[in-house]
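These are the residues of each chain, in order.
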Amino acid sequence: MSNSVHGGSVAAPAAQARPAARRSRREVDNLAGYLFIAPWLIGFFSFTLIPMVASLYFSFTDYDIFSAPRWIGLGNFQTMFFEDARYWKSVGATFLYVFTAVPLRLAFALGVAMLLNVGFSLLGLYRAIFYVPSIIGGGVALALMWRQLFGGDGLINDALSAIGIQGLNWLGNPRTAIWTLVLLAVWQFGSPMLIFLAGLKQIPAELYEAASIDGAGGWRKFVRITVPMLSPVILFNLVMQIIAGFMVFTQAFVITNGGPLDTTRFYAVYLYNEAFENFHMGYASAMAWVLLLIIAFFTVLAFKSSSMWVHYETRGE
Amino acid sequence: MVTQISNVLGGKRPTPMSFVYHLCVGLFSLFMIYPLLWLIGSSFKPREEIFTRSTSLIPQNFTLSNYVAGWAGFGGVTFATFFKNSFILAGIGTIAVVTASALVAYGFGRIRFAGRNFWFTCMLLTLMLPTQVQIIPQYIVFSKLDWINTFLPLLVPRFFGQAFFIFLMIQFIRGIPHELDEAAEIDGAGKFGIFFRIILPLLTPALITSAIFSFYWTWEDFFGPLLYLSNPNLYPVSLALKNFADGSGSTNWGAIFAMSVLSLVPVFVLFILFQRYLVEGISTTGLKG
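Going line by line, the protein sequences match chains F and Z.
So the first sequence is residues 3 to 319, counted in my numbering.
So the second sequence is residues 2 to 290, counted in my numbering.
Think of the hints as simulated: they come from the structure by calculation, not from any bench.
Treat the hints loosely; a few may be bogus.
What the hints assert, rightly or not - Sample of chain Z residues with no beta-carbon within 12 Å of chain F, all distances over it, derived:
id, residue
1, G76
2, A81
3, R198
4, I209
5, A212
Claimed, not checked - The following label-pair restraints were derived from C-beta to C-beta distances:
id, chain 1, residue 1, chain 2, residue 2, range
6, F, Q168, Z, K145, 50 to 60 Å
7, F, E29, Z, M129, 29 to 39 Å
8, F, S69, Z, P47, 49 to 59 Å
9, Z, L38, F, L170, 22 to 32 Å
10, Z, T252, F, F224, 45 to 55 Å
Don't be surprised by glycine CBs; every beta carbon is placed ideally from N, CA and C.
Given only the sequences and the hints, what does the whole structure look like? Please build it.
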């Protein structure tokens with residue numbers, strides 16, 4: 003880097019010392035680098051890597067935390083895949099949730115972002131309003147509110163009865179409970195909306211003008227310009243939302259607590275039940291590793307498929 | 002900041018088009034925040050009115066009794082304790098995580114050391130890792146250390162930085178011109194000197210963004226406290242709300258609403274004050290990711 007700055011005008015005797023100086027400079031950089039990243043490095047080993055290895059080991063054991071883990075080979079996985087109907091129910095519920103909530107949330111996020119990007123005033127105000135449910139929405143407070151909204155004598159049923167429709171026990175009915183959670187997820191479309199908005203602003207207006215001159219309509223512009231230009235952002239949002247979707251816990255735990263009839267016992271909820279209520283630590287570890295593989299599979303799938311639909315512009319930097 | 006492009010439908014002048022636009026978007030945004038307004042309104046309604054006049058936003062008989070009843074908490078512990086716990090966890094946790102993340106981000110962003118790319122990739126991968134593969138061994142270790150029912154399992158890991166914030170800060174540091182570092186180096190500043198005198202002051206926006214997100218996530222964190230805390234004296238607001246809602250036999254929804262609203266106040270105030278940093282933080286991490 004700045005070796006050249008020092009090196010230029012050095013006299014002959016000093017030239018002998020130069021290789022040593024350069025080496026020490028690299029050593030200094032190495033030392034400084036590791037010193038600065040030391041907090042993360044220590045944390046990575048003690049809170050991520052070593053626990054992961056331990057968790058992999060536990061997944062092959064029968065372990066209740068009170069007595070020593072007992073090696074049972076693939077026993078946990080065999081139980082999981084072939085004997086535990088509840089496990090498959092939880093996988094099914096999680097997939098249903100992820101593959102409805104994520105596309106709907108992204109569609110809403112993109113739609114509202116485009117609506118806000120038209121160029122009228124008050125963008126900041128609207129953006130803030132749409133973002134508020136997301137910023138305060140992940141916690142218990144709004145989950146409790148949702149529980150009351152969709153409760154038997156909640157706001158939704160009152161509003162329905164006011165227009166003469168018989169309400170439902172939304173949270174107690176196995177057919178509707180999961181959709182209240184999907185709706186909550188869709189309502190919180192703020193973060194991907196902000197990312198889409200930032201992406202939309204980077205699309206050159208000339209592209210749309212040129213398309214208008216060629217007589218392209220709104221839909222054509224959307225399909226031919228907006229989607230391709232935005233595809234890297236769509237990919238990013240898709241991956242992040244899928245990962246978050248598979249790990250959803252608080253909402254289901256607080257609003258429906260896995261019920262009714264396990265229809266909302268999502269993967270993370272069932273894993274929590276097994277690990278920290280039944281103390282099946284080995285079984286839960288096996289579940290965690292399968293979850294890791296599921297998430298890895300869909301992440302890789304999204305990235306692999308991206309060559310077919312994600313458009314990367316070559317920008318000069 | 003608000004650069005408006007594709008301005009095909011009209012400018013700032015009020016036109017029929019803009020009227021229709023504001024009518025539609027305005028109604029839609031009202032629809033979006035209606036549940037929140039309803040929550041706030043209900044928290045000021047007397048107990049009977051919450052159910053008899055549930056659809057109205059404005060209480061007929063305004064009362065603060067829900068706040069008084071709610072604040073008393075449960076099991077002899079008031080919400081003053083729960084809020085204090087939440088502020089301790091979010092405050093210490095945030096200062097720790099932002100400081101550690103800034104140091105690490107400088108290391109990754111500015112210093113060329115052997116193995117940098119490898120560790121950077123490891124860090125990015127942890128962003129996608131489900132926490133479930135770590136919590137069980139973590140829980141076992143923390144319980145062996147006798148840390149259950151202390152704040153330690155929730156606070157100690159924060160002192161080692163967090164991948165998301167490190168990544169956000171690295172993105173920001175990459176935008177700071179190298180000439181500044183080099184000038185400071187010629188003046189004889191070492192790595193720490195450059196970090197403290199050049200990078201840290203310029204990094205302020207990213208530090209603020211990280212601090213706010215960290216505060217939010219700690220404030221609303223439910224899973225961590227659920228695992229590690231069972232003594233009501235240590236409950237943060239999130240866990241207290243859930244137990245409050247489940248525990249109070251008759252389910253006093255008015256009190257639950259009141260405490261829910263209070264729990265959202267710090268989050269909302271930060272949002273109003275620092276909206277710009279949040280919007281830019283999310284946009285940049287998303288776009289350059």
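To see whether the hints hold, each was checked on the structure:
The non-interface label for G76 of chain Z is consistent with chain F: the shortest C-beta to C-beta separation is roughly 17 Å, beyond 12 Å. With 12 Å as the threshold on Cβ separation, the claim that A81 of chain Z sits away from chain F holds: the shortest Cβ distance comes to roughly 17 Å. The Cβ of R198 of chain Z lies farther than 12 Å from every Cβ of chain F, with a closest approach of about 15 Å, so its non-interface assignment holds. For I209 of chain Z, the non-interface assignment is confirmed: its Cβ lies about 15 Å from the closest Cβ of chain F, beyond the 12 Å cut-off.
Distance check for A212 of chain Z against chain F: the nearest CB is about 15 Å away, which clears 12 Å, and the non-interface claim stands. Checked against the given bound of 50 to 60 Å, the beta carbons of Q168 of chain F and K145 of chain Z, roughly 55 Å apart, stay inside it. Remark: the range hint 29 to 39 Å for E29 of chain F to M129 of chain Z is upheld by a beta-carbon distance near 34 Å. A C-beta distance of roughly 55 Å is found between S69 of chain F and P47 of chain Z, which places it inside the suggested range of 49 to 59 Å.
The hinted window of 22 to 32 Å between L38 of chain Z and L170 of chain F holds, with their beta carbons roughly 24 Å apart. Checked against the hint of 45 to 55 Å, the pair T252 of chain Z and F224 of chain F passes, with Cβ atoms roughly 47 Å apart.
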